[in-house]
Amino acid sequence: MLYATLFWEYIKNYAKTRLTYRADFWVEVLSDLMFQATNLIFILVVFQHTPSLGGWSESEVIFVYGFFMIPYGIFTTFFGMWNFSERYIVKGEMDRILTRPAHNLFQVLLENVDPPSLIGSVVGAIIMAVCWNDLGMAFHWYYVLIMLVFVLGAVLVYGGIYTALSAISFFSDAPTGIVPLIYNVQNYGRYPVNIYNKTIRFILTWLLPFAFVGVIPASYFLEKKADDISQLAWFTPVMGIVVFTLGLMLWNYGVKRYRGAGS
Amino acid sequence: MKSAYVDFIRIRFLTMLAYRVNYYSGIVIYAINIGAYYFLWKAIFGSAETLQGFTLAQMTTYIAVSWMARAFYFNNLDREIANDIRDGSIAMQLIRPYSYLLVKMMQGLGEGLFRLILFMGPGLVIVCLLFPVKLPKDPVVWVIYFIMLLFSLFINSQLNILTGLAAFFVENNEGMMRMKRVLVDLFSGVLIPIAFFPGWLKGIMEWLPFQAITYLPSAVFTGRTPLDQAWGVLGLQVLWFVILLVPILFTWRAARKRLFVQGG
Numbered sequence: 001m002l003y004a005t006l007f008w009e010y011i012k013n014y015a016k017t018r019l020t021y022r023a024d025f026w027v028e029v030l031s032d033l034m035f036q037a038t039n040l041i042f043i044l045v046v047f048q049h050t051p052s053l054g055g056w057s058e059s060e061v062i063f064v065y066g067f068f069m070i071p072y073g074i075f076t077t078f079f080g081m082w083n084f085s086e087r088y089i090v091k092g093e094m095d096r097i098l099t100r101p102a103h104n105l106f107q108v109l110l111e112n113v114d115p116p117s118l119i120g121s122v123v124g125a126i127i128m129a130v131c132w133n134d135l136g137m138a139f140h141w142y143y144v145l146i147m148l149v150f151v152l153g154a155v156l157v158y159g160g161i162y163t164a165l166s167a168i169s170f171f172s173d174a175p176t177g178i179v180p181l182i183y184n185v186q187n188y189g190r191y192p193v194n195i196y197n198k199t200i201r202f203i204l205t206w207l208l209p210f211a212f213v214g215v216i217p218a219s220y221f222l223e224k225k226a227d228d229i230s231q232l233a234w235f236t237p238v239m240g241i242v243v244f245t246l247g248l249m250l251w252n253y254g255v256k257r258y259r260g261a262g263s
Numbered sequence: 001m002k003s004a005y006v007d008f009i010r011i012r013f014l015t016m017l018a019y020r021v022n023y024y025s026g027i028v029i030y031a032i033n034i035g036a037y038y039f040l041w042k043a044i045f046g047s048a049e050t051l052q053g054f055t056l057a058q059m060t061t062y063i064a065v066s067w068m069a070r071a072f073y074f075n076n077l078d079r080e081i082a083n084d085i086r087d088g089s090i091a092m093q094l095i096r097p098y099s100y101l102l103v104k105m106m107q108g109l110g111e112g113l114f115r116l117i118l119f120m121g122p123g124l125v126i127v128c129l130l131f132p133v134k135l136p137k138d139p140v141v142w143v144i145y146f147i148m149l150l151f152s153l154f155i156n157s158q159l160n161i162l163t164g165l166a167a168f169f170v171e172n173n174e175g176m177m178r179m180k181r182v183l184v185d186l187f188s189g190v191l192i193p194i195a196f197f198p199g200w201l202k203g204i205m206e207w208l209p210f211q212a213i214t215y216l217p218s219a220v221f222t223g224r225t226p227l228d229q230a231w232g233v234l235g236l237q238v239l240w241f242v243i244l245l246v247p248i249l250f251t252w253r254a255a256r257k258r259l260f261v262q263g264g
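Chains Y and A, in that order, give the protein sequences.
Quick note on the UniProt record's numbering: the first sequence kicks off at 1 and runs consecutively.
Quick note on the UniProt record's numbering: the second sequence kicks off at 1 and runs consecutively.
Because the hints were derived from the structure by calculation, they are not lab data.
Glycine included, C-beta positions come from ideal geometry on N, C-alpha and C.
There may be inaccurate statements among the hints.
With a straight-line Cα cutoff of 30 Å, these simulated DSS-like cross-link-like pairs (lysine-lysine) come out [stated by the list, open to error]:
#1 Lys224/Y to Lys256/Y
#2 Lys198/Y to Lys134/A
#3 Lys42/A to Lys198/Y
#4 Lys202/A to Lys257/A
#5 Lys225/Y to Lys42/A
#6 Lys42/A to Lys224/Y
Per label pair, the in silico range of CB-to-CB distance [said to hold, decoys possible]:
#7 Tyr100/A to Glu93/Y: 31 to 39 Å
#8 Asp228/A to Thr20/Y: 40 to 48 Å
#9 Gly235/A to Val242/Y: 53 to 61 Å
#10 Gln52/A to Lys224/Y: 16 to 24 Å
#11 Glu171/A to Leu33/Y: 20 to 28 Å
#12 Glu86/Y to Gly199/A: 28 to 36 Å
#13 Thr199/Y to Met92/A: 49 to 57 Å
#14 Thr199/Y to Gly199/A: 37 to 45 Å
#15 Ile168/Y to Pro122/A: 23 to 31 Å
#16 Leu33/Y to Met92/A: 32 to 40 Å
#17 Thr199/Y to Trp142/A: 47 to 55 Å
#18 Pro247/A to Trp26/Y: 21 to 29 Å
Please take these sequences and the hints and turn them into a complete structure.
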């Protein structure tokens, strides 16, 4: 209950600060969407020259991308810890966080909350709906529930990975450059994983499970493919819980070791 | 006076050198991106021999060299100029006895030199080991390519300067800078060679400067543009370089007249 009130207070605070600069708000939303649009344009242009991508049709690939946008939007809304190392460790704001009773990760996440990213999720849902129609797939009411479970699992996968990456800053205050590195690896998860070689496929499925954010859960709703990765779809929530628990454990361990930057 | 400008190249190069560790992970990131597009294009080709005049081998080379060219010509001149304008330090720059824009261009060159030696060079070697990249055998191609690459840097820096100068007219040009980056990546041909765009879009692109940044040099490098046409393509780049000077000088004149330093 305490966390719910805190959550609401943080959101109200966010709204107040953002409403001061309304023009910036829309510019940010627009440039975020344009960035996503380039990936969609890539898919659209490419399918002018090929009927299928590793056995997946144009609508299916776009469907996967639309699905991907939903958890990704939620993730960027609640896990915007991009400058964690600089702001909280180097500048010492972590000390302020630790003097308060609410869980430290919860506070850090809510201080960086970014609701405009949710518009990306909405766009993703619309894209999915359009493809659903194009593909003429059946729709059952319980798909909504399944979708919710998958999206939640996918968000936890992302959240767990980035929590773990941010926790690295507790052990080394020098920039490691590992966050942008992983950020670029995640692009692999937006496309059907069977186009990659075995090693990359294994990494994307089990080590850095970005495949669970896009192609694996999305394939549950699509026609079965030769390698049938949709069998793995139900692992999405499991993966989410496992990855997030590991991330949180590393974070808590890091906090325990944290001694402050000194100044 | 001339040596002062050369010094700006040198100083930027040395500053970048101090932060070289940041660029080691850059090489890995570029390799990751090249890998993603390599597998994507392999799947796109499927069993097709050629697509839009590219063989798969040429396409692989195209992706690798285009991303590595981006590693070379990329800079943040737009952000630097916008920051100078926003925090008012541009006023100090203006009273100094040099041309601010020329200094920025020189700093861009210094950064380019650093990126060429410590980013693009080693990056290209690593990428050649990882992916089946086919380098051109004709030394003339290499010579033309490097001249074209220099103009890529010029043209990209010119676009950056223009975007940065926009901060004179709108107080926050953050959105413009982000959009410029997206536009350059998409329309310069890093992600998709221009030849793959649908006809109408290709038509528009041929009249815009973006293709001169990546597509034109990379097409020469991969051999999709034959050598006898290469000089003409280089001419097109030079033409764009000259054309782009006009809006920059025009904006610069207009901007200085309305400069308004907020605080400082």
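The hints, checked one at a time:
For the proposed pair Lys224/Y and Lys256/Y, the alpha carbon gap of about 47 Å is over 30 Å, so the pair is violated. Using a Cα cut-off of 30 Å, the hinted pair Lys198/Y and Lys134/A holds, with the two alpha carbons roughly 24 Å apart. With a C-alpha separation of about 15 Å, the suggested pairing of Lys42/A with Lys198/Y holds against the 30 Å cut-off. Pair hint Lys202/A plus Lys257/A does not hold up; C-alpha atoms about 38 Å apart against a cutoff of 30 Å.
Our distance criterion of 30 Å between C-alpha atoms is met by Lys225/Y and Lys42/A, whose separation comes to about 19 Å. Of the supplied pair hints, the one linking Lys42/A and Lys224/Y holds, its CA atoms being roughly 22 Å apart against a limit of 30 Å. Our hint of 31 to 39 Å for Tyr100/A and Glu93/Y holds, since their Cβ atoms are close to 36 Å apart. Between Asp228/A and Thr20/Y the Cβ separation comes to about 60 Å, which falls outside the hinted range of 40 to 48 Å.
A hinted range of 53 to 61 Å holds for the C-beta pair Gly235/A and Val242/Y, which are about 59 Å apart. Restraint check, Gln52/A to Lys224/Y: a C-beta distance of roughly 32 Å breaks the suggested window 16 to 24 Å. A hinted range of 20 to 28 Å for the beta carbons of Glu171/A and Leu33/Y is consistent with their spacing of about 23 Å. Against the hinted window of 28 to 36 Å, the Cβ-Cβ separation of Glu86/Y and Gly199/A comes to about 47 Å, which falls outside the hint.
The given range of 49 to 57 Å is respected by Thr199/Y and Met92/A, whose C-beta atoms sit roughly 54 Å from each other. The beta-carbon spacing between Thr199/Y and Gly199/A, approximately 39 Å, falls within the hinted interval of 37 to 45 Å. Roughly 25 Å separates the CB atoms of Ile168/Y and Pro122/A, a value that falls within the hinted 23 to 31 Å. The supplied range of 32 to 40 Å is met by Leu33/Y and Met92/A, whose beta-carbon atoms lie about 38 Å from each other.
The beta-carbon spacing between Thr199/Y and Trp142/A, approximately 33 Å, falls outside the hinted interval of 47 to 55 Å. Roughly 26 Å separates the CB atoms of Pro247/A and Trp26/Y, a value that falls within the hinted 21 to 29 Å.
Checked against the numbered hints listed earlier, the structure breaks hints 1, 4, 8, 10, 12, 17; every other hint is satisfied.
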